[in-house]
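Student: The residues making up each chain are set out below.
There are 2 protein chains.
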Amino acid sequence: MKNLLIKLAEEECVSIDQLKDRITRGTVAIPLNKKRLNIEKPCAIGEGLSVKVNANIGASPDKSSAGDELKKLEIAVEHGADTVMDLTIGKNWKKILAGVLEKSPIPVGTVPAYGAVCLGGDLEALGSDDFVDIVRQQAEMGVDFMTVHSGVCKEVVKVLEDADRLGGMVSRGGKIIYRWMKRTGKENPFYERFDELLDIAFEHNVTLSLGDGLRPGALADASDDPQYAELKVLGELAARCRDRGVQVIIEGPGHVPLHLIEENVKMAKELCGGAPFYVLGPLTIDIGAGYDHIAGAIGGALAAWKGADFLCYLTPAEHLYLPEESDVAVGVITSKIAAHSADIARNPELFRKRDDKMSRARADLDWDLMQKYALDPNIIKRAREKYPVGDDRACSMCGEYCALLD
Amino acid sequence: MKNLLIKLAEEECVSIDQLKDRITRGTVAIPLNKKRLNIEKPCAIGEGLSVKVNANIGASPDKSSAGDELKKLEIAVEHGADTVMDLTIGKNWKKILAGVLEKSPIPVGTVPAYGAVCLGGDLEALGSDDFVDIVRQQAEMGVDFMTVHSGVCKEVVKVLEDADRLGGMVSRGGKIIYRWMKRTGKENPFYERFDELLDIAFEHNVTLSLGDGLRPGALADASDDPQYAELKVLGELAARCRDRGVQVIIEGPGHVPLHLIEENVKMAKELCGGAPFYVLGPLTIDIGAGYDHIAGAIGGALAAWKGADFLCYLTPAEHLYLPEESDVAVGVITSKIAAHSADIARNPELFRKRDDKMSRARADLDWDLMQKYALDPNIIKRAREKYPVGDDRACSMCGEYCALLD
Numbered sequence: 001m002k003n004l005l006i007k008l009a010e011e012e013c014v015s016i017d018q019l020k021d022r023i024t025r026g027t028v029a030i031p032l033n034k035k036r037l038n039i040e041k042p043c044a045i046g047e048g049l050s051v052k053v054n055a056n057i058g059a060s061p062d063k064s065s066a067g068d069e070l071k072k073l074e075i076a077v078e079h080g081a082d083t084v085m086d087l088t089i090g091k092n093w094k095k096i097l098a099g100v101l102e103k104s105p106i107p108v109g110t111v112p113a114y115g116a117v118c119l120g121g122d123l124e125a126l127g128s129d130d131f132v133d134i135v136r137q138q139a140e141m142g143v144d145f146m147t148v149h150s151g152v153c154k155e156v157v158k159v160l161e162d163a164d165r166l167g168g169m170v171s172r173g174g175k176i177i178y179r180w181m182k183r184t185g186k187e188n189p190f191y192e193r194f195d196e197l198l199d200i201a202f203e204h205n206v207t208l209s210l211g212d213g214l215r216p217g218a219l220a221d222a223s224d225d226p227q228y229a230e231l232k233v234l235g236e237l238a239a240r241c242r243d244r245g246v247q248v249i250i251e252g253p254g255h256v257p258l259h260l261i262e263e264n265v266k267m268a269k270e271l272c273g274g275a276p277f278y279v280l281g282p283l284t285i286d287i288g289a290g291y292d293h294i295a296g297a298i299g300g301a302l303a304a305w306k307g308a309d310f311l312c313y314l315t316p317a318e319h320l321y322l323p324e325e326s327d328v329a330v331g332v333i334t335s336k337i338a339a340h341s342a343d344i345a346r347n348p349e350l351f352r353k354r355d356d357k358m359s360r361a362r363a364d365l366d367w368d369l370m371q372k373y374a375l376d377p378n379i380i381k382r383a384r385e386k387y388p389v390g391d392d393r394a395c396s397m398c399g400e401y402c403a404l405l406d
Numbered sequence: 001m002k003n004l005l006i007k008l009a010e011e012e013c014v015s016i017d018q019l020k021d022r023i024t025r026g027t028v029a030i031p032l033n034k035k036r037l038n039i040e041k042p043c044a045i046g047e048g049l050s051v052k053v054n055a056n057i058g059a060s061p062d063k064s065s066a067g068d069e070l071k072k073l074e075i076a077v078e079h080g081a082d083t084v085m086d087l088t089i090g091k092n093w094k095k096i097l098a099g100v101l102e103k104s105p106i107p108v109g110t111v112p113a114y115g116a117v118c119l120g121g122d123l124e125a126l127g128s129d130d131f132v133d134i135v136r137q138q139a140e141m142g143v144d145f146m147t148v149h150s151g152v153c154k155e156v157v158k159v160l161e162d163a164d165r166l167g168g169m170v171s172r173g174g175k176i177i178y179r180w181m182k183r184t185g186k187e188n189p190f191y192e193r194f195d196e197l198l199d200i201a202f203e204h205n206v207t208l209s210l211g212d213g214l215r216p217g218a219l220a221d222a223s224d225d226p227q228y229a230e231l232k233v234l235g236e237l238a239a240r241c242r243d244r245g246v247q248v249i250i251e252g253p254g255h256v257p258l259h260l261i262e263e264n265v266k267m268a269k270e271l272c273g274g275a276p277f278y279v280l281g282p283l284t285i286d287i288g289a290g291y292d293h294i295a296g297a298i299g300g301a302l303a304a305w306k307g308a309d310f311l312c313y314l315t316p317a318e319h320l321y322l323p324e325e326s327d328v329a330v331g332v333i334t335s336k337i338a339a340h341s342a343d344i345a346r347n348p349e350l351f352r353k354r355d356d357k358m359s360r361a362r363a364d365l366d367w368d369l370m371q372k373y374a375l376d377p378n379i380i381k382r383a384r385e386k387y388p389v390g391d392d393r394a395c396s397m398c399g400e401y402c403a404l405l406d
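Protein chains in written order, with our numbering: chain P, 1 to 406; chain B, 1 to 406.
No lab work stands behind these hints, which were simulated from the structure alone. A hint or two may mislead.
What the hints assert, rightly or not - Below 20 Å or equal to it, Euclidean Cα-Cα: the simulated EDC-like pairs (lysine to aspartate or glutamate) are:
{"id": "1", "chain 1": "B", "residue 1": "Lys386", "chain 2": "P", "residue 2": "Asp356"}
{"id": "2", "chain 1": "B", "residue 1": "Lys353", "chain 2": "P", "residue 2": "Asp224"}
{"id": "3", "chain 1": "P", "residue 1": "Lys182", "chain 2": "B", "residue 2": "Glu400"}
{"id": "4", "chain 1": "P", "residue 1": "Lys357", "chain 2": "B", "residue 2": "Asp164"}
{"id": "5", "chain 1": "P", "residue 1": "Lys182", "chain 2": "B", "residue 2": "Asp406"}
{"id": "6", "chain 1": "B", "residue 1": "Lys182", "chain 2": "P", "residue 2": "Glu325"}
{"id": "7", "chain 1": "P", "residue 1": "Lys2", "chain 2": "P", "residue 2": "Asp17"}
Since the structure is predicted, the reported quantities are computational estimates derived from the model, not experimental observations.
Here chain P stands alone, though its shape is the one from the complex (with noise of 0.2 Å):
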């Protein structure tokens, strides 16, 4: 444990003291299970380290297979992925998470309410206990950090019931809970049993990542009634994280407009004691189907640079089709331009390193070294293959006329 803190300071270019500082209060989480101390690369989110993203993996109930997933997640780490969640939904489930902690080198997350669904049967014969024994087994084999959608209780429903949303709820794991609930009368057992999620995390050291089953799906419900009342949720639920010396993230939105976007992550932040803040997106349109990366890029280096710390990728399959792997690959550049594109707005002196060195060598015309600088090296190879440049090294953009020929 002292060299992981060591390494990740080091990485992150702040001291030790000030991490341990940071962790204690709540403030930065380091996802990793107990068992999956050794993994090559884990990472601190939070409190004045870089922003992180994570890529979604993770098959659908009809569709992809573990070597599909496992694909996935080679190239997401390739591209610079920090974690992975595996999203599975279907019988082979435990397989293919078994096959993902086997082979992440980075912290592996998941959607316990995904398993629970995946146990087969109708809805409501699930038992409270089924979803608990969920987290428990998830625990047990070495998963680092999960979603659970505590906040989506009785008295949050009402909210969204009394509240005219345009887009509903659009969580599917906010969506079992509730169905579950809506069918058996009872209440969400991620919030009435919290006190034993909180005991599995402990021991297991799982990161509890607060979902936000009521995010806006649409910029009309953006900063709504139901979003912060389940915000508020989070916030009680995450103090009692910190009591019990369990790690614990925010997740946020969703739909926002940009300029709702900076109230939203200033209002989880205060709500919720400076808990690492994890968002989707958010996007600020709803009409950008098929480009909902970019929708999503721009308002998450905008909550990046407000003080959001993860960034969930969207790829271009978002709100189309389960993304197939160069939509992952896609997805992860995209949502590292959003965090780097903060991380320079919020520290220009340590980061901004790696750009300086990419102009220097932009301005030299010098394609390797530039190959070498580039977020995504092949499609600088690529395109050089297709496009070559010329003998005096322009590009077929301006030939002669580049403006960097002297």
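Assemble the complex: chain P is given as a structure, and chain B must be docked to it using the hints.
Tutor: This is chain B only, laid out in the frame that chain P set:
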């Protein structure tokens, strides 16, 4: 002209008086050559109006043809570009430009410095007259707006040479002027003979777009002395445009980190009397080659939210090669995402309507309506063909666990 104002005011949901007032004060420009008063899709750019998107097309010295560029024009228009600039450099520039002007339903811009170097021979053999003549020629051909790098004057060049820039000078047009000045020892003709440009622009109702030859091409150079020295000159020239009754637009960066974008926009507006501000990006990182349209969309969205009026698109080809047709499509859509993000942040009531319809369609899993309201209907159509949605209309992402099913 009266009908034009009625049409544009209606489109922008402002009153004719508001529009007229802003045109008089020079905070709105309608780039439209007298010869092209009847084009199908004119547009107004500036204060309180929707953010516009320009697509650059045009052949390189050794690459592309008139037919290729007309195809790119068609694609740019089809994807929603508001204006197009023909940046051709090559012997056939006049033929290509004439074709673009004949076919383009949207305003067409040029960079006359490119036309000047196409006259052939050594750069230093060109006379000051040659530069002014090209402006006249293009005005007579019907060009609606022209980027003139009038700010690259001796005084500003001195500031550049005294500065220790990492990225140097990255403007192709600006560098042509700079090279000519260095080789001939003369003052920039677009600065020295600015009154003649005003006469030509006035006669043909050409909008002058004052180019930023010294825009930062690296984050390290953002907001530096050369950039602001040139901007100050552009502000003086903009005042001369207004005095002469010539419409004017100010061009801006470039590469600018997130935390300096608002300052850049405010400074441009302040120094230039609120003239419409036209930005290229700005790119918020330097290492995104292959994805620079995304880095540019992040910066462009923030810039436009804070007051920029006009976004020049960037494509995946930026910094790598002359854009192909597919790059043009992606570039336009990406910039439109940035522009629309800013529109919504500036005026949610007015600009969120289509998003709300999209969100309603999404909540209803109505794919035909989603296709109708999406920025790029084709990508939704293709995705649905490749990954058919299930009987319950959920997509392959979540299948039966789609949060939007009851």
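Student: Now look at each hint and say whether the structure bears it out.
Tutor: Tested hints:
1. Restraint check: the Cα-Cα separation between B/Lys386 and P/Asp356 comes to about 42 Å, which exceeds 20 Å; the hinted pair is violated.
2. Among the hinted pairs, B/Lys353 with P/Asp224 is consistent with the structure: their alpha-carbon atoms are about 18 Å apart, no more than 20 Å.
3. Straight-line distance between C-alpha atoms of P/Lys182 and B/Glu400 comes to about 18 Å, which keeps the hinted pair within the 20 Å bound.
4. With a C-alpha separation of about 15 Å, the suggested pair P/Lys357 and B/Asp164 falls inside the 20 Å cut-off, and the hint holds.
5. Taken as a hint, the P/Lys182 and B/Asp406 pair is honoured in the structure, with Cα atoms around 11 Å apart against an allowance of 20 Å.
6. At most 20 Å may separate the alpha-carbon atoms for a hinted pair to count; B/Lys182 and P/Glu325 exceed this at roughly 51 Å.
7. Between P/Lys2 and P/Asp17, the direct Cα distance comes to roughly 12 Å. Compliance with the 20 Å bound is thereby established for this hinted pair.
Taken one by one, the earlier hints fail for this structure at numbers 1, 6, listed in ascending order.
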